[in-house]
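Participant: Please model the complete structure; the sequences and the hints are all you need to start from.
Residue-level listing of the chains:
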Amino acid sequence: MTMRHKISSLLKRLCQILWQPLIAVILGFLLGSVVIMISGESPSHVYTQMFQKSFFSFYYLLQTLTRAVPITICSMGIIVAWRAGYINLGVEGQMIVGGLVSTVIAIHTSAPAFLVLILAIAGGMAAGALYALFAAFIYQKCNVSIVISTLMMNYIANYIASYFVTFPLKDPKSGIAVQSVEIPVDVRIPRVFEGHTFNWGFFITILIVAAVYFVIGKTIFGYESKMTGLNPVFANYGGVKKNNVMMSAMAFSGALAACAGMLEIFGVKYRYIDAMFISTSYAWTGLMSGLISSLHPVGAFAASIFLSGLQVGGQAIQRTTNIPLQVSTLIQSTITLFVSVKLFTDFKHRKKQKVEAGDIINGN
Amino acid sequence: METNFIFAVLNSAIRSTTPIMMAALGSSICNRAGVFNVALEGQMLIGSFTAIAVNWFTHSIFLSVICGILSGGVVASLVALLQVKYKAADMVIGTSINLLVGAFTAIMLYVLFGVKGSFKNPALLTLPKISLPVISSIPYISTLLRNFTILDYLSYVVAVIMFIYLFHTVHGYHLISVGVKSEAAESMGISSLSYRMGAVIVSGLLCGFGGVALSMGQVTLFTENMTAGRGFIGMAACNLGRNNPVMIIVASLFFGFCDAFATVAQNRIPSQITMSVPYIATVVALIVFHGERAKKVKAA
Amino acid sequence: MLLQMKNISKLYKNGVLANDSVSFDLNEGEILAIVGENGAGKTTIMKILYGLEHPTGGEIFINGKTCAFKNPQDAMAHGIGMVQQNFMLLPTFSIAENVVFGSEPRCFRLFFDRKKAVKEVIELGERYGLKADPNLLIKNCAVGLQQRCEILKVLYQNANIIIFDEPSAVLTPQEVDGLLNTIRSLAKMGKSIILITHKLNEVMAVADRCVVMRGGRLIDTVKTSDTYIQELSAKMVGRKLIDKSIPEVEKGAVVLSVEHLSQKGKDGIQALRDCSINVHAREIVGIAGVSGNGQTELLHAITGLSKDISGGKITLDGQNLIGLTVRQIREAGCAYVPEDRNTMGAALQSNLTETTLMARQYETEYSKNGVINYMKANQQFDALLNRYDVKYSSLNQRAGELSGGNLQKLIVAREISRNAKLLIVAEPTRGVDIGAMEFIHNQIIEQRSAGAAILLISSDLNEILKLSDRIYVMYEGVINGELLRAKANSEDIGILMTGGELRDNAS
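Protein chains in written order, with numbering that gives the first Met the number 0: chain A, 0 to 363; chain B, 0 to 299; chain C, 0 to 506.
Treat the hints as calculated values from the structure; they're not laboratory data. Computed from a prediction, not measured in an experiment: that's the story for all the values here. Cβ atoms here follow ideal geometry from the backbone N, Cα and C, with glycine treated the same way. Don't take every hint at face value.
To be verified - Only pairs whose alpha carbons sit at most 16 Å apart, straight line, appear in this in silico EDC-like list of lysine to aspartate or glutamate: (1) C:LYS198 <-> C:ASP491; (2) C:LYS69 <-> B:GLU1; (3) C:LYS198 <-> C:GLU149; (4) A:LYS240 <-> C:GLU330; (5) C:LYS198 <-> C:ASP19; (6) A:LYS217 <-> C:GLU364; (7) C:LYS5 <-> C:ASP24; (8) C:LYS130 <-> C:GLU149; (9) C:LYS375 <-> C:GLU364; (10) C:LYS420 <-> C:GLU445; (11) C:LYS375 <-> C:ASP388; (12) A:LYS217 <-> C:GLU362.
Said to hold, decoys possible - Stretch-level coverage of chain B by chain A, calculated; a stretch enters the list once three of its residues show a Cβ under 8 Å from a Cβ in chain A: (13) 20–27; (14) 36–43; (15) 95–102; (16) 128–140; (17) 147–155.
Facilitator: Written out as structure tokens, the structure reads:
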């Protein structure tokens, strides 16, 4: 094939892939407009402000990218598990567990900074992985639905972590703020610019996305988990050990979720604050970006940045207008909803296919 | 611990059970029809909100309850259309709708009432608490049965009706057949599509009912995301109850009890731990009472 | 004349002419057999009669009146019932509940009168001589009993014309006798029966008349009393089977040895009882038998897909296979073309590279340290698929987009190219066009010459006869007979398949 032919077919494929999400985005913004108008504001005014204060100003762009870090890594965690057919909804809980454990290690270990950092990262990732593995384990032994167990474990993690940070781990110098002590200065991820929380964690994120892309697309684990997700009978026939795939996928997923938590703590907040991941709903946003991109890592990265921008913009306009910041969540969930519904192109195609609950990889 | 206290705790448990049980019943009718409906949380939350909103604007208890129930059905119609008819992936639709309803109700909370977080107002009408004539004079039983609203009593009636529907009517038989083997049903002219969509909408009405019980049962207020995972606890109760309405009553009471225990123990044990009890109990109960591998439900 | 099908044609949108102006009629109380090979068009014409398909040409007359059936309910209303190959039964419900399904007796209009249903089913059973315990759950019933339930269901709907689609395919030989008796007595009671089958001995045993179809056309209609099996099979096949004699090859040492294998199946019935076979290098061993006699269990035990073996030994080149994982067995030298390419042979949503890579992802050829070299894999698979005449547009295509024959060729390519010591092929040419069939057969023969030990399981007796050096016949979980190529013929195999014994020479 000639170069020109390759490029044109690539463009054609991109159009096919992007057509549906584009319509979904438009619908999302339309719904948002309706809500904005009910609130007595003008959609064009609000949207312009939103985009200015998310992408089109240096300060806010950095804000968007900073916020995109935990969202992206959470979506990586979700992608790894869902692709293998395991619906891990517990990324939030795994993030909390990993974040808290790594913070505790960072605070209480006296050793050279480099070593402390490694221990904290290892400990956090192990904690997140184990938390996810527990759900996988009870699924294997007792048929407990991973959907329900991981979801319940989110609440459990949040409350138990909240207990720890209200009592034993509470920072005595913080007054009524429910949070831990700050982690030592030399363990923190350095900031890039003076006066902004944007830190080198963003570049670590890029590496993580690349790593996940590589693992999913080029490794045996990626291959086996994809096949298990698409047709477990076929995978079993080919000698793929289903339990190994499940354990690896969930452990990997939990470890990634823990990374998301760690980067937020070590790069931005420097301490564990009660409900810090719940109020910001990083995990659910990550889920949405994973779904919007049909579980593709690079697409999810882009979608995460986009959704992060929506949230940052939404927060910004909350201060200057009457619009509550949930408008951005509304727009995001509408987009997610409509991306998943292949109303026109695949309609006839779908009538002939069966849709499996784990089969999110479709149409691409 | 005095006996009356125990009955008071049981009373609190029963009152906490109602929303969970309705969600569980909603889940069971979808499962029986072969639909995996994850949007129970959203179906419930919209019921909670609509009830309070209609309460505020119409000052009519009756309308609040009815509109709350119907709003659950409306959200469920969206699920029925997108997931059952157009066959979109169930997890995606369910999760998106849950998030959407969460955002939507928070926004409307601000738009309609001008507040953020929670809305409570003495002008809101409360559901009358029923006190049974003879029973309310019996010492311990009265403690057990006090302060129930009509919704609490009705929920058990609904469970019994559902039991009768599923296992004694022809329509219920057809519904179960759609979930067991839809090609067999289709071969006899039974439309799996209609039954599935119907089941989803009914689950919406049931969850809406549960949502109304949540925001107007024991308290009369709306808080953002007040369902707090009850939709999923309902799914767990349904799982434990093996999709059987009568067993679901028992399973739901178990979770309601955990909820009540959490509230009661708050004085002795830090609230952060007690609040995690219902969720820990769910996981433990599912582990302990695991059954044979349930067939994965698909709307194929 | 009760039923008349006149010039029925069915042209599908993809150009396939499944039925070409077929005409036949059916009288009251008559048993009419429709015979033909796979793809002859017999199932299509019955689907048309039952309202599952609409004809593109021709008319249907019932009692002289034209009819056009929109759907099965329409056909049922006209007294046509069909007992399909895949039962439409609800496993968690009882026989009575299943029989009345769709037309349940009610009380107070809404409620299911289950007691009345039980009574009606007992009555029905007595009237037609089809005894069945109405309270048994379908999932606890043997296949023959389940089929009886389907028949009762059809009778409950007051069918006058009953179509049986390959009814004996799923039955044990004793159950087949019961079925034929049932058919005879139904006809005596005035029902008209259409029997679709390719089992000519059944046709001769039970049918009054026989319609032979081939290639979508009606070849002939004869009275069974006026003909005999060989004549019918000649008409079915249309030509003498050109037996391209496959080259004689000296067989090598034993590769696969299965000794006294037993396995408990579902519901406590023994799926395998003291089953023993062996396969040598440079030999094709075929296993013949009605499906459901333990072939699947045997295959799954050998390949490691099933674990609950209660006794016996399986060795591959001396190495014990029992207890090993699927992957270990494959690495020990076993390749497997599964019987169902869509559920087990491929993931239809994955692309061709991924489909072809399965079970080879650990080979150093394609991966190193856990990383897969897709470029190399693509190169090699391109060559491989071309060699095996698989027609595809790009390796990125989804497996589900390939035609059945091409997907089967891909799977055969994948498994044969492993050059395994033991190659197991199950139903290798099911649902595959003639050209692909020839090709796959040639590949199997080549592998044999190259030194492989080949185990062939097929429900197509011609395939078994054509390819096998030795034939085992399985019946009720045990090997009922063994025939060498020179002595093998379909009559003897048929006898062994149905549980009989050969009189003249012992196996």
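Participant: The structure should be examined with respect to each hint, and the outcome stated for every one.
Facilitator: Hints and how they fare:
no., hint, in the structure
1, C:LYS198 <-> C:ASP491, "holds, 14 Å"
2, C:LYS69 <-> B:GLU1, "violated, 71 Å"
3, C:LYS198 <-> C:GLU149, "violated, 21 Å"
4, A:LYS240 <-> C:GLU330, "holds, 14 Å"
5, C:LYS198 <-> C:ASP19, "violated, 23 Å"
6, A:LYS217 <-> C:GLU364, "holds, 15 Å"
7, C:LYS5 <-> C:ASP24, "holds, 8 Å"
8, C:LYS130 <-> C:GLU149, "holds, 13 Å"
9, C:LYS375 <-> C:GLU364, "holds, 8 Å"
10, C:LYS420 <-> C:GLU445, "holds, 14 Å"
11, C:LYS375 <-> C:ASP388, "violated, 20 Å"
12, A:LYS217 <-> C:GLU362, "holds, 15 Å"
13, 20–27, "violated (count 0)"
14, 36–43, "violated (count 1)"
15, 95–102, "holds (count 6)"
16, 128–140, "violated (count 0)"
17, 147–155, "violated (count 0)"
In terms of the numbered hints stated before, the structure departs from hints 2, 3, 5, 11, 13, 14, 16 and 17, listed from lowest to highest.
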